[in-house]
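Here is what each chain is made of, one letter per residue.
Number of protein chains: 4
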Amino acid sequence: MRHLIPATLLALALGGFPQTASTAQRVRSELPFPDLPGLITLRCDLHMHTVFSDGKVWPTVRAEEAWRDGLDAIAVTDHIEYQPFKADVTTNDARPYDLVRPHAESLGLLTIRGAEITRGEPPGHWNAIFLKNVAALRQNDHRDVVRTAFEQGGFIFWNHPGWQQPNWQSVWYAEQQEVFERGWLHGIEVVNGSTYDPIAHQWCLDKKLTMMGNSDIHDPIDMAYGPVHGTVRPMTLVFATARTPDALRQALFDRRTAVLSENRLIGEAKYLEPLFQQSIAILNPVIRIKGRNSVLVQVRNTAPIDYELVFAPKSSDLGLPGRATLAAGKVALIQVRGLSDRASGRRVVAVPCQVTNLFAAPNAGLSTALRLEVEFQPAS
Amino acid sequence: MRHLIPATLLALALGGFPQTASTAQRVRSELPFPDLPGLITLRCDLHMHTVFSDGKVWPTVRAEEAWRDGLDAIAVTDHIEYQPFKADVTTNDARPYDLVRPHAESLGLLTIRGAEITRGEPPGHWNAIFLKNVAALRQNDHRDVVRTAFEQGGFIFWNHPGWQQPNWQSVWYAEQQEVFERGWLHGIEVVNGSTYDPIAHQWCLDKKLTMMGNSDIHDPIDMAYGPVHGTVRPMTLVFATARTPDALRQALFDRRTAVLSENRLIGEAKYLEPLFQQSIAILNPVIRIKGRNSVLVQVRNTAPIDYELVFAPKSSDLGLPGRATLAAGKVALIQVRGLSDRASGRRVVAVPCQVTNLFAAPNAGLSTALRLEVEFQPAS
Amino acid sequence: MRHLIPATLLALALGGFPQTASTAQRVRSELPFPDLPGLITLRCDLHMHTVFSDGKVWPTVRAEEAWRDGLDAIAVTDHIEYQPFKADVTTNDARPYDLVRPHAESLGLLTIRGAEITRGEPPGHWNAIFLKNVAALRQNDHRDVVRTAFEQGGFIFWNHPGWQQPNWQSVWYAEQQEVFERGWLHGIEVVNGSTYDPIAHQWCLDKKLTMMGNSDIHDPIDMAYGPVHGTVRPMTLVFATARTPDALRQALFDRRTAVLSENRLIGEAKYLEPLFQQSIAILNPVIRIKGRNSVLVQVRNTAPIDYELVFAPKSSDLGLPGRATLAAGKVALIQVRGLSDRASGRRVVAVPCQVTNLFAAPNAGLSTALRLEVEFQPAS
Amino acid sequence: MRHLIPATLLALALGGFPQTASTAQRVRSELPFPDLPGLITLRCDLHMHTVFSDGKVWPTVRAEEAWRDGLDAIAVTDHIEYQPFKADVTTNDARPYDLVRPHAESLGLLTIRGAEITRGEPPGHWNAIFLKNVAALRQNDHRDVVRTAFEQGGFIFWNHPGWQQPNWQSVWYAEQQEVFERGWLHGIEVVNGSTYDPIAHQWCLDKKLTMMGNSDIHDPIDMAYGPVHGTVRPMTLVFATARTPDALRQALFDRRTAVLSENRLIGEAKYLEPLFQQSIAILNPVIRIKGRNSVLVQVRNTAPIDYELVFAPKSSDLGLPGRATLAAGKVALIQVRGLSDRASGRRVVAVPCQVTNLFAAPNAGLSTALRLEVEFQPAS
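Protein chains in written order, with the working numbering: chain A, 1 to 380; chain B, 1 to 380; chain C, 1 to 380; chain D, 1 to 380.
Hints listed in this document are in silico derivations from the structure and should not be mistaken for laboratory results. There may be inaccurate statements among the hints.
If several chains are the same, the list does not tell them apart, and a pair holds so long as it fits within one copy or across any two.
Once the Cα atoms are required to be at most 25 Å apart in a straight line, the calculated SDA-like pairs of lysine to any residue come out as [to be verified]:
#, residue 1, residue 2
1, K330, P313
2, K207, P362
3, K330, G230
4, K290, E105
5, K314, P166
6, K314, W168
7, K314, A24
8, K314, R26
9, K330, H103
10, K330, Q278
11, K314, Q165
12, K270, G329
13, K208, D144
14, K314, S106
15, K330, N301
16, K330, E30
17, K132, T60
18, K86, H103
19, K132, P102
20, K207, R249
21, K314, T60
22, K208, E175
23, K330, A350
24, K270, L209
Let the sequences and hints guide you as you build the complete structure.
Here it is as structure tokens:
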């Protein structure tokens with residue numbers, strides 16, 4: 001007669017336990033944003049939920065999803081004060097991080113301990129990451145909570161500031177001002193899920209706060225992003241000196257970020273500019289233009305987003321189309337033509353352009369230039 | 001000063017609580033298998049897990065996934081005896097069903113209460129569905145467990161019989177024989193996850209057991225199936241008299257099923273034959289063949305799987321290619337030609353063929369025929 | 001010693017001539033726009049080019065592409081007066097149709113003889129279809145050409161009227177007025193390639209001209225549309241009494257058309273309205289609303305385009321979201337809620353909505369309603 | 001009154017001539033096969049047809065398609081003796097190359113002048129490329145034709161040798177032997193279209209002939225390959241010293257090729273081995289294994305084909321799975337484990353494997369090894 005086997009023994013016996021998902025291929029799709037000179041680009045999603053608050057997945061899923069999606073670092077940030085599943089799931093604040101970390105480490109992902117401080121508006125929701133003890137944040141006054149997070153070394157950012165405001169128009173309340181003045185507020189989500197917040201974008205520029213973008217995902221990620229939907233999740237690109245939690249933390253405090261939101265990047269021009277330049281390459285060995293002839297310039301874009309360019313058609317020594325798209329991971333053509341029968345000689349022509357989907361300011365594209373080495377020949 | 005708000009009040013206040021996934025479109029992709037004459041085809045996944053045993057998702061996710069995947073009915077069947085997350089999650093056996101049901105009902109899905117009876121091999125794992133009280137199955141002797149399930153009106157099937165057997169070669173142990181003889185075993189998984197089991201297939205044919213196919217999914221379903229992977233999850237097609245749990249249960253006991261496994265269907269010829277015939281249509285208004293000329297016959301296949309046909313090239317009054325594929329949801333061409341200069345008159349030609357991916361017996365295709373109405377004209 | 005074999009003999013010997021493309025599967029993707037009551041919907045592209053003018057493919061390719069793309073009827077309309085390949089290709093105006101027709105007929109496609117009358121603007125380019133003799137259109141004065149086409153029974157439409165106009169703003173010149181007054185102008189392309197022309201749209205409404213939409217394709221079609229680009233080619237939906245050239249011609253003269261342009265349909269409300277209604281279905285067996293509760297209404301859209309709906313949130317007895325998308329070929333959810341605690345009884349609620357991508361007037365959506373059968377129950 | 005405008009003037013006037021395809025984006029998808037040490041990998045399709053023989057497209061299309069498909073060099077090789085469209089198209093043998101070349105050059109593609117010498121079997125069809133004068137090949141005796149091609153400096157290869165043979169079993173006829181002995185036969189198509197020929201593969205190895213693989217495309221390429229079909233066209237990878245026609249020709253005579261056929265590469269091990277090694281990278285900064293623990297090794301594959309690996313599970317100091325797939329352009333996981341409790345120290349472990357889809361011999365995979373730098377630690 002067979003007896004009930006203790007679960008732990010059973011688990012040991014179940015080396016070949018049939019779990020269909022584990023037989024499906026585990027594959028990582030990288031997100032080839034370039035490194036910037038002297039810095040490493042880390043792809044981060046620092047706001048996500050599990051069954052330990054109101055998310056719908058076990059913490060390990062967040063690491064597995066992140067690895068597959070090409071991320072480098074994540075923070076699981078369950079609500080401290082809002083745990084609707086607590087009739088069934090423990091309220092131990094340390095558990096999500098403790099559970100996700102081994103899975104993440106087996107995949108080479110950085111994981112950051114964090115939590116979401118959850119109040120009605122104002123002051124709304126904050127994420128605190130790089131925490132040492134989440135449970136210590138269970139205090140009544142939100143100022144005490146934020147101070148505690150700060151004293152633990154936490155990096156604190158304001159989540160989705162437009163939430164519960166009329167028309168999602170973000171409002172800077174006295175509560176934010178107070179926390180900001182005390183030096184406890186370090187960043188704002190300019191992107192939360194599928195929402196880009198131009199007001200928050202301007203605040204980050206004006207108040208020297210770090211621009212953050214996160215998924216705030218509750219469901220399995222593929223229910224909202226990925227191949228099913230033809231989109232990539234939002235994330236924060238962090239430009240760090242090393243691939244470590246410390247370097248990531250320092251980069252966040254130093255505001256070295258840009259935010260990915262669908263096919264847009266939001267950030268300071270000083271980061272968007274090299275990111276753009278490092279990801280494109282002119283493939284023509286030489287661009288030889290005779291008189292007013294046309295030539296097709298081939299531009300490779302290795303970044304995982306398209307670049308939408310607008311040219312001032314006669315802003316340089318070359319005639320240009322009004323627009324061009326540099327498709328992600330592809331080679332595009334830009335037809336340029338000579339503007340003079342008599343031009344001659346070889347020189348670099350800086351072709352001014354706007355990259356309209358790189359937002360250096362709220363809803364305003366990055367001004368930059370394509371540098372083409374051209375050999376001009378007079379018309380015969 | 002603001003005080004900590006009780007979670008229940010907070011939940012009420014959070015009508016617009018930002019959950020990115022819920023802003024992404026919720027879309028159902030139907031699986032247009034046809035109904036059979038007098039019966040309704042129900043697409044069922046009757047073996048899946050949640051955080052209440054060793055699955056990685058909250059129960060509601062299983063309903064949401066199933067609705068999106070085009071299913072009609074599901075059973076969440078968490079292990080009774082194997083609950084590795086019990087340090088964090090309650091072991092109340094009633095909870096998965098109680099949690100998944102309201103979400104499923106809001107989407108019009110049928111949900112069946114069930115559980116997985118979990119022993120080492122033999123006797124291995126059984127699923128019992130249509131249970132009234134899962135907790136009552138917590139007994140030592142597996143015979144007592146199965147009897148209790150049976151006495152609750154349960155439909156009981158043997159899961160993945162090849163598991164833990166050398167080379168996944170299924171073995172019919174004394175334990176199965178005993179339960180089978182007592183009338184407590186009603187079906188076997190001929191498909192579990194990505195594995196098709198021809199031995200189990202033959203057993204079902206020989207012993208008059210119901211053929212079952214299920215995902216046994218633990219991870220979020222899109223980690224293993226769906227657009228990310230280019231596959232559809234396995235499932236059991238049940239041919240029921242109505243869209244109700246009772247009719248579903250009766251159809252299972254009556255063995256009215258076929259099993260989908262990637263691009264294959266496994267079942268009895270009496271179900272595969274009408275399923276095939278109901279899903280194809282010849283589009284040519286008339287097939288007019290003059291002498292030995294060729295004509296392109298257009299065949300629409302509305303089923304969500306391709307049909308792979310093999311013809312005996314001269315098995316009828318028509319010349320045929322060796323093979324043809326009727327692509328899922330598309331119109332295919334089959335070139336047929338006359339074999340005689342003198343044929344004349346209009347008649348239905350039955351073109352014998354094998355549909356090699358409809359398995360009427362282990363790894364053997366369905367023998368059927370295409371019925372073409374042809375008007376023969378003598379060569380001039 | 002082997003001698004040079006005449007090409008015709010060689011062709012006969014080459015039954016198995018290796019042509020890779022013919023071994024790849026030939027598959028038709030249907031475009032499931034519904035038929036309208038009493039009418040058959042024909043999907044037509046009536047403007048396309050081959051190597052016999054400035055197109056880049058052999059005429060048979062246009063039939064093969066059209067069949068694969070789910071079309072019912074095509075007209076190859078090579079330029080009469082512009083044949084840049086004439087150093088290499090014959091200028092016999094009858095050839096494109098004579099070559100494309102047998103291929104089209106083997107696939108069950110209707111083919112219409114036509115040509116493009118090619119002048120600078122004004123009067124620009126006209127297509128004349130249902131011609132008997134294209135060569136007869138080689139005359140100097142464009143009025144003579146158009147009259148000849150008309151006298152052959154031709155249906156004549158003005159192509160891409162915005163071409164060569166500043167900012168593609170179409171201008172109605174005296175030349176058009178003259179031809180229009182003589183009754184020789186029957187339609188206008190409101191869509192040519194990827195360009196929708198709202199001015200031409202308004203002209204069609206005002207002057208009772210037939211709305212046309214065509215690809216005007218020169219390259220192989222997959223270079224511009226189809227799976228490579230994620231788009232479908234533009235086309236004219238013609239609502240005919242039968243699937244014959246005569247019925248197609250009569251429908252064109254009767255202005256029974258709607259034009260597909262990416263995810264939009266342009267046409268008269270009297271055609272767009274039934275097209276929309278015939279392609280959607282409410283799947284809930286009953287919509288039961290208790291008090292102010294919410295219910296998810298499932299809407300299947302069988303058409304090959306999404307429908308973008310805008311609701312007036314409280315325009316009926318039901319609360320509604322601001323917007324909903326009914327995805328092509330999918331089932332979508334619309335959350336409706338009761339607005340009263342005391343409503344009771346079963347009745348059909350007409351929910352007013354705008355379908356913003358069905359253009360009943362220039363850039364203006366179709367006003368219609370979803371009809372929901374609701375059973376109201378008072379709140380308990 | 002307006003007069004008929006000469007076509008040449010009209011062409012000049014038609015700067016904005018509406019050609020839909022040219023408004024769709026022209027995008028190149030690169031095929032990131034790596035360069036080999038000291039050599040440049042050129043992706044070549046050296047067998048294709050146009051309307052100048054029995055192809056269905058204008059010659060320029062072949063250049064446009066090739067650029068979009070990521071190729072570096074093409075040869076249009078119309079049949080000399082089989083021109084079924086000659087009632088409508090000129091038989092001037094120089095035209096296809098003269099027409100395709102300017103378009104190809106504007107896109108940076110190399111184009112090679114060639115033709116297909118077309119006889120029944122034997123001797124069947126030969127391609128001759130790097131010709132100076134195609135018309136000079138119009139001679140009766142096939143030996144004269146081949147000699148003439150050879151004397152022009154031509155590289156001559158036998159096309160699809162299995163064509164017209166029973167079951168596509170290639171036969172080496174006296175005609176081939178004669179030409180081979182005279183030194184006029186330099187290569188064989190081991191891949192033509194979708195057909196791989198293992199007999200031809202063995203001949204190339206035995207007789208020191210160059211392995212060729214080409215599309216032999218007649219239809220627009222997207223009708224047979226590409227995103228519509230989920231495949232890439234077959235091609236010859238040529239390992240040249242420079243990106244010039246001369247270097248390409250020399251590499252062909254030196255037999256520096258490998259052939260792509262769907263997800264397989266056929267070639268000599270000396271080329272397949274570095275191609276494989278140059279396209280994979282182990283991403284773990286260090287592989288640290290403690291006792292018999294497991295570690296996930298991350299392998300990036302930058303090549304555009306998957307690699308299918310088979311391991312001998314205990315063939316090294318590491319335990320391995322039976323199989324692994326390194327997906328194209330992705331990062332895959334291979335779980336390796338220690339086999340000893342006492343292993344220690346850091347060393348490179350060569351893990352033997354077969355890459356089953358790299359054919360170093362007919363239908364036989366490449367034997368190679370993954371080199372992993374492992375730091376072993378004794379179990380505690």
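So, going through the hints one by one against the coordinates:
1. K330 / P313: Classified as within: same-chain Cα gap 24 Å, cross-chain 39 Å, threshold 25 Å.
2. K207 / P362: The answer is within: 14 Å in one copy meets 25 Å, while 46 Å across copies does not.
3. K330 / G230: both (17 Å within a copy, 16 Å between copies)
4. K290 / E105: For K290 and E105, only the inter-copy Cα distance (15 Å) is at most 25 Å; the intra-copy one is 58 Å.
5. K314 / P166: Only across copies: K314 and P166 sit 19 Å apart there, 44 Å inside one copy, limit 25 Å.
6. K314 / W168: between (40 Å within a copy, 21 Å between copies)
7. K314 / A24: Result: close only across copies, 23 Å inter versus 54 Å intra.
8. K314 / R26: Intra 50 Å, inter 23 Å, cutoff 25 Å: inter-copy only.
9. K330 / H103: So K330 and H103 pass the 25 Å test across copies only (20 Å; inside, 34 Å).
10. K330 / Q278: Close inside one copy (15 Å) and across copies (21 Å); limit 25 Å.
11. K314 / Q165: Between. Shortest inter-copy distance 21 Å satisfies the 25 Å Cα cut-off; intra-copy 45 Å does not.
12. K270 / G329: within (23 Å within a copy, 30 Å between copies)
13. K208 / D144: within (24 Å within a copy, 68 Å between copies)
14. K314 / S106: between (54 Å within a copy, 22 Å between copies)
15. K330 / N301: Both ways: K330 and N301 sit 6 Å apart in one copy and 18 Å across, limit 25 Å.
16. K330 / E30: Cα proximity of K330 and E30: in one copy and across copies (15 Å, 7 Å).
17. K132 / T60: Within one copy, since 20 Å is at most 25 Å while 32 Å is not.
18. K86 / H103: both (24 Å within a copy, 19 Å between copies)
19. K132 / P102: within (17 Å within a copy, 39 Å between copies)
20. K207 / R249: within (19 Å within a copy, 63 Å between copies)
21. K314 / T60: For K314 and T60, the Cα distance exceeds 25 Å both inside one copy (55 Å) and across copies (30 Å).
22. K208 / E175: within (18 Å within a copy, 63 Å between copies)
23. K330 / A350: within (22 Å within a copy, 35 Å between copies)
24. K270 / L209: within (15 Å within a copy, 56 Å between copies)
In the structure shown, a violation is registered for the earlier hint numbered 21 alone.
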